[in-house]
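*Asks:* Residue strings, one per chain:
There are 2 protein chains.
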Amino acid sequence: MNDFQFQNTTKVYFGKNQLKNLHNEVLKYGNKILIAHGGEFIKNSPLYSKVVNELESNNIQVFELGAVEPNPRHTTVNKGVAMCKKNGIQTVLAIGGGSTIDCCKAIAATSMSESDNIWDLVEGKVKWNNALAVIAMPTIASTGSEMDKSCVIANVDLGIKSGINGELIRPKAAFLDPTNTFSVPARQTACGGYDIMAHLFDMNYFVNSEKYPLQFNVVETLLRIVREQLPVAIKEPTNYEARATMLWAASWALNSFCTSGYKTNAQLHALEQLSSTFDLTHGLGLAIITPKWMKYVLDKDPTTAPDFARFGVNVMGIGDDEDKVEVAYKAIEALQSFIKDELGLPVTLSELGIDDRHFEDMSIKACYGKESLPLAYRVLTREDCLNIYKMCL
Amino acid sequence: MNDFQFQNTTKVYFGKNQLKNLHNEVLKYGNKILIAHGGEFIKNSPLYSKVVNELESNNIQVFELGAVEPNPRHTTVNKGVAMCKKNGIQTVLAIGGGSTIDCCKAIAATSMSESDNIWDLVEGKVKWNNALAVIAMPTIASTGSEMDKSCVIANVDLGIKSGINGELIRPKAAFLDPTNTFSVPARQTACGGYDIMAHLFDMNYFVNSEKYPLQFNVVETLLRIVREQLPVAIKEPTNYEARATMLWAASWALNSFCTSGYKTNAQLHALEQLSSTFDLTHGLGLAIITPKWMKYVLDKDPTTAPDFARFGVNVMGIGDDEDKVEVAYKAIEALQSFIKDELGLPVTLSELGIDDRHFEDMSIKACYGKESLPLAYRVLTREDCLNIYKMCL
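Taken in order, these protein sequences are the chains called A and B.
Residue numbers 1 to 393, in full-length UniProt numbering, belong to the letters of the first sequence in order.
Residue numbers 1 to 393, in full-length UniProt numbering, belong to the letters of the second sequence in order.
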């Protein structure tokens, strides 16, 4: 096991009756708060008025930043920064998905820096060594940003997504109420849940490095539980236990325990250039790519068969057999069927009316502008990436 | 899932080359440190001199409290408190097992209180709302005290073990170096490892309340991994991966993730009056009791069979069968054989030359002086406890 450091300081308030604790968390830092959210849907929800009421009845002054985009733009971050600086706000509360939480982290750091522009921090032009307090209230089980210390921001002018990370922007508190995810539609539930699975695949499940018994088996267990509970959450959107399981799983898939001791990179996430290129949901992009990536890797290198076979048996619940290559192919089929039939998601780009015209660009981006993408089971060249994208058609 | 709050702030430095970070953690609080340890074995170890050297070469003044007992006494705590108060010490470092770590937590709280006597804090006579910084360096995989916020102290005058708990005494940092556990003898390794298993049994594995898919399955996975890796650590004491797995498992068995959302009490730990009565190791007491408790519960209530059967199949690796009662009894046998053959521990009190003369007293203590012990699968009366102790002979 490689040496590692682990710390996760976020205080989690989990469940139906935790909102009453919000003002105490806020008042640790001051009596002015900025609430960021994605727009009308949240603004008009009972949750939003309950939150505002909880805060205002405790003499906390509420400011509002709406219309945070699904890939939050640096201009939106900067708008929030201006509000925080002008009004002397001490805390930023995100109500929404990973994008809203990421936006708040960026606002928090920039507001305490010398710059009014998050991109100065992203590019390292301005140092930041302080941040406003971030509080997260996720309304979908997905990115796990609520216990994580990084954020991704889009600079549309430059056509780049990048970010900052550090302990200072890890949420001080996260309010995880499964009932806040009841209204997430089936498709978004599926995409969010698949995002959780992809974090687990990428972090340390599908890797050719040594597998540490504790972390590896916990990751496999999380994968199995998500595979079992996600279809329940889709079919029964108000099933509290299924929604609670998904919400807690999302946090744990990204809060650094699972990756402790590992030094791996995320090949599936690098290949997932679909969402930024075609304005798809990130989780859907990952769902389309994963089975094709697995098949491509297995075709090229049958020594990967035991890992994929194990996944099939232990996560997807298929039968085992001595011929691991055969079981591995069946595992890939099982995953594809799961995505299609149980999650109700498209499994090809053709179903979405997307053709191959951007594949060259995507291959370059997938390799971060270099000639190839390292790690996981094998180095993927730009041509490999292109081939995988073609399999997605 | 019940509502819950979760936070664990301890910074973990895991691995072989982390000692260089110690002085930075210490200097956050001041330049005077008290090192507590169990005695000559630690004092003469290369670890101790390396620690002192790391600290002194960074201008940190080291004070020493040796001879901390296996069940740390309140008088020893008070000795440490006097040293901290007299010398203006800011940090307490524990090098040792759970007892040493617990002792340091008690010293940390008392030293910042108005009393010089930990027992005033235990009895609530003196309030404490501050504490010195605690740093833990466990030398055995066992209690998990290094990421936990409670401590147990023995008052020999009163014949009572009790403690305090609170976020202030949770270790600020924990240095987990698997090589520091290489020299732990086979028997202590076995007892420490079994303590981990018992935490998992008691916290939320053997309970008749609802089982939450995520936490329950992670606990089961941890149990399986400990069952697999503990015999390796016993047979190959310098096997880094096995020792690392055990050390990290110990922390995770007690750091509150596994119990999140559960409201259960610890029946096995209540029954474990053997160690305090007969001066046995706590883990050994738990190992002797568990299979007898399972058999007693199963005999009385065959509806518990599916849970014990599941444990047999998923943790102990025995074959499944339609007759769950039969599988459950086989699971108990498998656990008993594991304790005897793979851990090399005694499974009866007779093997230790212990007879039944203290069983009445123990039954009273197990019920905390009341008529019965609630929770887990069934309420156990004092007579039930007595019957279980008799099965241990």
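Misleading hints may appear alongside valid ones.
It does not matter which identical chain is meant; a pair holds if it fits inside one copy or across any two.
With a straight-line cut-off of 20 angstroms between C-alpha atoms, the simulated SDA-like cross-links for lysine to any residue are [said to hold, decoys possible]:
no., residue 1, residue 2
1, K16, E210
2, K86, S260
3, K330, L47
4, K20, Q7
5, K300, Q7
6, K16, K263
7, K11, G261
8, K211, Y240
9, K11, N165
10, K20, G261
11, K125, S150
12, K340, M316
13, K16, G261
14, K43, D120
15, K11, Y262
16, K390, S276
17, K20, K295
18, K16, Q5
19, K50, S256
20, K28, G317
21, K16, Y262
22, K365, S183
23, K20, Q5
24, K86, E333
25, K50, G317
26, K11, L168
27, K172, D3
28, K28, E167
29, K263, Y240
Think of the hints as simulated: they come from the structure by calculation, not from any bench.
*Asks:* Each of the hints needs a verdict: does it hold here or not?
*Replies:* Against the structure, the hints come out as follows:
no. : hint        : verdict
1   : K16 - E210  : between (40 angstroms within a copy, 17 angstroms between copies)
2   : K86 - S260  : neither (40 angstroms within a copy, 40 angstroms between copies)
3   : K330 - L47  : neither (44 angstroms within a copy, 51 angstroms between copies)
4   : K20 - Q7    : between (27 angstroms within a copy, 18 angstroms between copies)
5   : K300 - Q7   : neither (39 angstroms within a copy, 45 angstroms between copies)
6   : K16 - K263  : between (37 angstroms within a copy, 16 angstroms between copies)
7   : K11 - G261  : between (23 angstroms within a copy, 14 angstroms between copies)
8   : K211 - Y240 : between (34 angstroms within a copy, 14 angstroms between copies)
9   : K11 - N165  : both (18 angstroms within a copy, 18 angstroms between copies)
10  : K20 - G261  : between (38 angstroms within a copy, 18 angstroms between copies)
11  : K125 - S150 : within (18 angstroms within a copy, 45 angstroms between copies)
12  : K340 - M316 : within (14 angstroms within a copy, 36 angstroms between copies)
13  : K16 - G261  : between (35 angstroms within a copy, 12 angstroms between copies)
14  : K43 - D120  : neither (31 angstroms within a copy, 52 angstroms between copies)
15  : K11 - Y262  : between (25 angstroms within a copy, 17 angstroms between copies)
16  : K390 - S276 : within (17 angstroms within a copy, 68 angstroms between copies)
17  : K20 - K295  : neither (49 angstroms within a copy, 45 angstroms between copies)
18  : K16 - Q5    : between (33 angstroms within a copy, 12 angstroms between copies)
19  : K50 - S256  : neither (32 angstroms within a copy, 29 angstroms between copies)
20  : K28 - G317  : neither (48 angstroms within a copy, 50 angstroms between copies)
21  : K16 - Y262  : between (35 angstroms within a copy, 15 angstroms between copies)
22  : K365 - S183 : neither (35 angstroms within a copy, 50 angstroms between copies)
23  : K20 - Q5    : between (34 angstroms within a copy, 13 angstroms between copies)
24  : K86 - E333  : neither (55 angstroms within a copy, 70 angstroms between copies)
25  : K50 - G317  : neither (42 angstroms within a copy, 50 angstroms between copies)
26  : K11 - L168  : both (14 angstroms within a copy, 15 angstroms between copies)
27  : K172 - D3   : between (26 angstroms within a copy, 19 angstroms between copies)
28  : K28 - E167  : both (18 angstroms within a copy, 16 angstroms between copies)
29  : K263 - Y240 : between (36 angstroms within a copy, 18 angstroms between copies)
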